[in-house]
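Q: For this one, chain A is given, so just place chain B on it according to the hints.
One line per chain: the protein sequences are A and B, in this order.
If you're matching positions, the first sequence starts at 395 in this note's numbering and goes up one per residue.
If you're matching positions, the second sequence starts at 395 in this note's numbering and goes up one per residue.
Wrong hints could be hidden among the right ones.
One copy or any two copies: either way a pair holds, since identical chains are not told apart in the list.
Once the Cα atoms are required to be at most 30 Å apart in a straight line, the calculated DSSO-like pairs of lysine-lysine come out as [as the list claims (entries may be wrong)]: (1) LYS416 to LYS747; (2) LYS538 to LYS416; (3) LYS800 to LYS775; (4) LYS775 to LYS416; (5) LYS506 to LYS416; (6) LYS587 to LYS646; (7) LYS800 to LYS611; (8) LYS800 to LYS747; (9) LYS747 to LYS538; (10) LYS633 to LYS611; (11) LYS506 to LYS601; (12) LYS800 to LYS522; (13) LYS646 to LYS611; (14) LYS611 to LYS539; (15) LYS775 to LYS506; (16) LYS747 to LYS539; (17) LYS800 to LYS506; (18) LYS416 to LYS646; (19) LYS646 to LYS539; (20) LYS747 to LYS601; (21) LYS747 to LYS506.
None of these hints come from the bench; they were simulated from the model.
Model, not experiment: these values are computed from the prediction.
For reference, the chains in residue letters:
Protein chains: 2
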Amino acid sequence: MSERICVIGGGAAGISAASMAKRTNPDAEVTICTEFEDVAYSPCGIPYVIAGEIPEFQRLFLAGPENYAEAGIDLRRETRVSDVDLANQTMTANDEVLEWDKLIIASGFNYKLPEVPGNELDGLTYVKNIRRGIELNETLNNVKKAVVLEASPLGVEMMAALAHRGIETHLVDETAWLLSSVADQDIAEPVQKSLEDLGAQQHYGAKLTRFNGSNGKLTSVGTSQGDVDCDICIIATHKEPDTELARTLGVKIGSTGGIVVNERMETSIPNVYAAGDCVEVPQGYTHVAVQGLTGAHAMQQGRVAGASAGGGNRTYNPVFIPWGMVGGTVQIGGASFGEHLATALGIPYVVGKAQGISRARYFPGVQQVHVKLLAEPGTGKLIGAQMVGGEGVKERADFLAFALKKGTTLEDIAWMENVYSPPIGALYEPMSIAAQNGLAAL
Amino acid sequence: MSERICVIGGGAAGISAASMAKRTNPDAEVTICTEFEDVAYSPCGIPYVIAGEIPEFQRLFLAGPENYAEAGIDLRRETRVSDVDLANQTMTANDEVLEWDKLIIASGFNYKLPEVPGNELDGLTYVKNIRRGIELNETLNNVKKAVVLEASPLGVEMMAALAHRGIETHLVDETAWLLSSVADQDIAEPVQKSLEDLGAQQHYGAKLTRFNGSNGKLTSVGTSQGDVDCDICIIATHKEPDTELARTLGVKIGSTGGIVVNERMETSIPNVYAAGDCVEVPQGYTHVAVQGLTGAHAMQQGRVAGASAGGGNRTYNPVFIPWGMVGGTVQIGGASFGEHLATALGIPYVVGKAQGISRARYFPGVQQVHVKLLAEPGTGKLIGAQMVGGEGVKERADFLAFALKKGTTLEDIAWMENVYSPPIGALYEPMSIAAQNGLAAL
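One chain only, chain A, in its complex shape (with noise of 0.2 Å):
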């Protein structure tokens, strides 16, 4: 009989582990249940719809429900799974009883519920779901101010998204600066300008206390400096990893709340695998387990997850994580950690800074690329990279987390060879000169 794969999800994840199990054992039965109407399309994109960068939000969509009875993959959408028996390896998916020999858990997360009085308010919004995201985008003609909980990634897009649209658009957030949990203050600031200069009033330091409302619908949000008004609030708190199913089956959970799995994406439970944005995975460099990580991430450990449930022989490694995106006009990014998140974790590191140019100086369209790169203090080894520029540091952070990866000191890159062409590179490539200013701080 051939053996019968069940995934759970459909997000990036459980939709590459499918297509991965499908493609390393053929015979397979595999099947992907999802609690949602939609699968393969870009969550990513729903801020760049509703600022209107993206025309339509049938563009988010990859490929139809069609394609995966084509690709010989059972999909089950509006689909919630409950009951999974490990002991009879059966699930049940609505009122239908599965029985499995390998499963696999992409569920996902979840934006951390704000525990405040009022969190029931309507009028607190999620952007995650595609429906909901095309209703947020009609109710969003009849908002006059808005407020952005966090300086999360998404909080930064929604902020652009919401002021681009015309929106009076709030940040309130607790720390200090944007993308705080990722980026140090310096490497911020000038996307925090950038989203100023678009009309987004920026709290720092405001402590959420309350959501203020009436009749059931939100009015304001109460913050330690004070009250904003405001007609909606995109919640965009920390990612939590939804492991609601996983600790039914008793799956040992980490320190980050996250299901922990080894390098073949296994769970302390025989024949359950787990991937994407409910698990928890090593930091390359700390070797700390990390979670809620990007898109990518999370397709690629569900393909680590599927070739394994297919009986195949793939290892995901531990991740340094390069990150990038747009807040405002200005690209950030970086790999690994910058000095804030160092500092936290006690890890001693020198610094090497540089405002380094994308082009020829003299060519137009020429952009500042401003990179940091941290690095132990005896032997120079990379440690973690922040850049914050005008363009090319989604592939400087890629560059960057190889060369963490590779071991490399900052010696390898201060002496990199470099393209140079005036329209496309400069004699000097910022991360070497960061490099430099580095050796020379050793």
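A: Chain B in isolation, oriented as in the chain A frame:
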């Protein structure tokens, strides 16, 4: 007495050598002799001023001669060096005899003179020196038809520049495709198409036979495919090392015609160093000697030569040569070599190709990025890379050259982490898809 360090040549290699020598040994008397009127400008920018993309030649200057005096460097312009006496460590600079303890040769290159009849005619033009560039820019106001000889990097830039000015532009190139000394035909094709769209008529497989003239002035370029009428011909041939002076000293010359140097940029003669386009260096993968690299390479070599002459301890590593440029409206680049060169060198390889994208598929401005990776058949170790596309080619070429140096495999690149953010990066990094396809081919 303080050490006397003389540098011959005021290009990227000479200037950086002098600066680094002075920085390494602040007590040294550092002299630069250049036969030209100008230093510290960007010759690479000349085609873009001619194209009208940069409004004036003045923008290409970085620093005036006074900056060198301030830095304690004796800059002598319009100064020709002759009669280098190795026994007494002297040389003649114009009419003055200078004593030296260390000599750095950074005499650069010349475009190879086509050895056909008529090569003395007025109208054969070289794009290298800024004063000649300014003259050319004037001349072009009265030019109707131009020929560019060879689709070298300069030839590609000049084709676009001339066509952009509305001049009837013809390329004459004996080889079968554009940039054939570095790029594969499939990678070059989109650039040829882009230049064609700009109006550049490209004659490949057309061997130069003679220059035809009247009253000493060029009237047409004779080729194996017939004559091409023109008012001017831009000679964009191979960059030959200028070793005229070096040969009088008896320094060892290598297989490419460039000066042989060791990793400290020392020539075969004690206390004589060389750097830049006049030297040859080992290619990283094959250790075969190569010359005629980029301004960034010249600068780095100059720094090593300067550090060595100043008593420092820096080495220059074998090169993996990231390269990149814009041809028409298309970016092209790579690192190490492609299929054409690998085949010519008898190096076995497998290929992984992919057509990826630079941003989310639905995001405005998304561009195709075509990546081709070559790897060793047994180990999967990366040998070289070629790319063509819309954006991010420079940064990916830098990445791939670095990866080559680190002994990276297709497996490493196939599973690398990458930034995914709709406006700046796609879910799947194009290099990773190419590597995955390469693994499938292994």
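Q: To test your reading of the hints: which numbers does this structure violate?
A: Going through the list in order, the structure violates hints 2, 5, 6, 7, 9, 12, 13, 15, 16, 17, 19, 20, 21 and respects the others.
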